[in-house]
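With the hints as constraints, model all of the structure from the sequences given.
Sequence lines, in order, name chains A and B. For what it's worth, UniProt numbering labels the leading residue of the first sequence as 1, then goes sequentially. For what it's worth, UniProt numbering labels the leading residue of the second sequence as 1, then goes sequentially.
If you are wondering where the hints come from, they were derived from the structure by calculation, not from laboratory data. Please note: incorrect hints may appear among the correct ones.
Which copy? The list can't say, so a pair holds if one copy fits it or any two copies do.
What the hints assert, rightly or not - In silico lysine-lysine, DSS-like type, Cα no more than 30 Å apart, as pairs:
hint, residue 1, residue 2
1, Lys71, Lys54
2, Lys129, Lys268
3, Lys242, Lys83
4, Lys268, Lys83
5, Lys38, Lys3
Number of protein chains: 2
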Amino acid sequence: MEKFTRNQRISAITKILVESPNKIINLNMFTEMFNAAKSTVSEDLIAIKDILIKLSIGKIETISGAAGGVKYVCGISKEESIKFAEELCIILKDRERIIPGNFLYVTDLMFNPEIIHKAGTILASAFNKLDVDYVVTVETKGIPLAYEVARMLGVQLVVVRRENKVTEGPTVSINYVSGSTNRIQNMSLPKRAIKPGSNCIFIDDFMKAGGTAFGIIDLLKEFDSQLVGTGVLIDNIDIKHKLVNDYVSIIEFNGLDEKNNAVLHPSKKNKV
Amino acid sequence: MEKFTRNQRISAITKILVESPNKIINLNMFTEMFNAAKSTVSEDLIAIKDILIKLSIGKIETISGAAGGVKYVCGISKEESIKFAEELCIILKDRERIIPGNFLYVTDLMFNPEIIHKAGTILASAFNKLDVDYVVTVETKGIPLAYEVARMLGVQLVVVRRENKVTEGPTVSINYVSGSTNRIQNMSLPKRAIKPGSNCIFIDDFMKAGGTAFGIIDLLKEFDSQLVGTGVLIDNIDIKHKLVNDYVSIIEFNGLDEKNNAVLHPSKKNKV
Chain A
1 MEKFTRNQRI
11 SAITKILVES
21 PNKIINLNMF
31 TEMFNAAKST
41 VSEDLIAIKD
51 ILIKLSIGKI
61 ETISGAAGGV
71 KYVCGISKEE
81 SIKFAEELCI
91 ILKDRERIIP
101 GNFLYVTDLM
111 FNPEIIHKAG
121 TILASAFNKL
131 DVDYVVTVET
141 KGIPLAYEVA
151 RMLGVQLVVV
161 RRENKVTEGP
171 TVSINYVSGS
181 TNRIQNMSLP
191 KRAIKPGSNC
201 IFIDDFMKAG
211 GTAFGIIDLL
221 KEFDSQLVGT
231 GVLIDNIDIK
241 HKLVNDYVSI
251 IEFNGLDEKN
261 NAVLHPSKKN
271 KV
Chain B
1 MEKFTRNQRI
11 SAITKILVES
21 PNKIINLNMF
31 TEMFNAAKST
41 VSEDLIAIKD
51 ILIKLSIGKI
61 ETISGAAGGV
71 KYVCGISKEE
81 SIKFAEELCI
91 ILKDRERIIP
101 GNFLYVTDLM
111 FNPEIIHKAG
121 TILASAFNKL
131 DVDYVVTVET
141 KGIPLAYEVA
151 RMLGVQLVVV
161 RRENKVTEGP
171 TVSINYVSGS
181 TNRIQNMSLP
191 KRAIKPGSNC
201 IFIDDFMKAG
211 GTAFGIIDLL
221 KEFDSQLVGT
231 GVLIDNIDIK
241 HKLVNDYVSI
251 IEFNGLDEKN
261 NAVLHPSKKN
271 KV
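And the structure:
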């Protein structure tokens, strides 16, 4: 039978835990994998626990009982979180990003894995303590961010569509009013996408007036489910009247100043 | 100055490397972080290298020179890859998944982080050796999978839209013919999304006749860029005439049998 050193076990256990956030892994998996006693694996886990806490890069939780084991819970230090937001503000202030109509071009950032991985970790950290069943987003730009949050929370992602698709079976559709443009829009979701009685988190790229988040609450009612949290990358605080109040954000965008520069700063609604 | 044990360093270095696939990390980052000599960190890296190879769960590569350092390259064993494909076939064979029109409901799987993380690792492993600049997909269902492949390859994701968006600035649009329905469709992409002379990988959920992949080749020409690889989760081999030949897939779907059961098996085009 193959033998493993403590160093080797610690490296492999760290990788396995980090790659499956919020998933409970039974210690038997490790004892079998490494042909090691439970006490040996427990000591390995203590070393891993200690360093994650020391560096504020998440934690290892122990769950007792028959279905028990250990799980990795994502985390990031307050310093790292603010540093990330500040760096993102500098990237966003590039004048080339201002598009006719005073939109900010953020598509490349929303599809940049390095940025989205970190942003997802920050947002997920705000919801780690909640009992979440699904992470919900509306197509398209927020999908990678919502996916990262779902992955960190160890739950299923649900993507609300703007129109029905023939490949999704029976769907539930609702109309809602976009808070910023006042236009009536459509949202639809396959009937089988969400189980009744579920707790959902809504994740999106931008928060304007909050019309979409408000629509999500309505849509979830059709599934006998509820919204328990909302998180966005950028909060447009230039729009003062919001339809929702309770949400987490990473960056605040306060429109353009008299010199046509985007006004941006780290958000006061970052919960890390 | 804080001291760290070898076990602690190995756990933290593993986490940092695994969370930034294909990104070169300079050894100075680790020596400063742990207040340790370069030779000490090098020894830590040897332990990590060894265990990844021993378990076939990726590898650590050393890059020499001024911009050098180490990077984690994702990987999965052939056994694990086949086991994953077999398990996915069982999930997909559920009769509830057959939707009027003989479509297979796969939306929940494409938005399941555990499945997509593994599928992304398998597909990315096929392209690890290529010099890739972007991973391209077409909205919507393939986005999480394409995002995972982009993350594993350490490159930017690009999402082609079905229609123009006012928030994306000048765009390039093309029309293409869907190979399976023969309908003319539209694809558009912001002009600034891809730099000229780039190598791109196309990732999608389903391969039918390959019309979309064919359209992507045309679209990339408008960006003076080229397609160097294609990967899908499910290949519909019931459609015999394909517009593209060279691609990687994980599952093969051969339509419904006489009892109306989906015929599925692990793909022969899996390159792991």
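Results for each hint:
1. Lys71 / Lys54: both (17 Å within a copy, 24 Å between copies)
2. Lys129 / Lys268: within (20 Å within a copy, 43 Å between copies)
3. Lys242 / Lys83: within (27 Å within a copy, 49 Å between copies)
4. Lys268 / Lys83: within (14 Å within a copy, 46 Å between copies)
5. Lys38 / Lys3: Classified as both; 15 Å inside a copy, 28 Å across copies.
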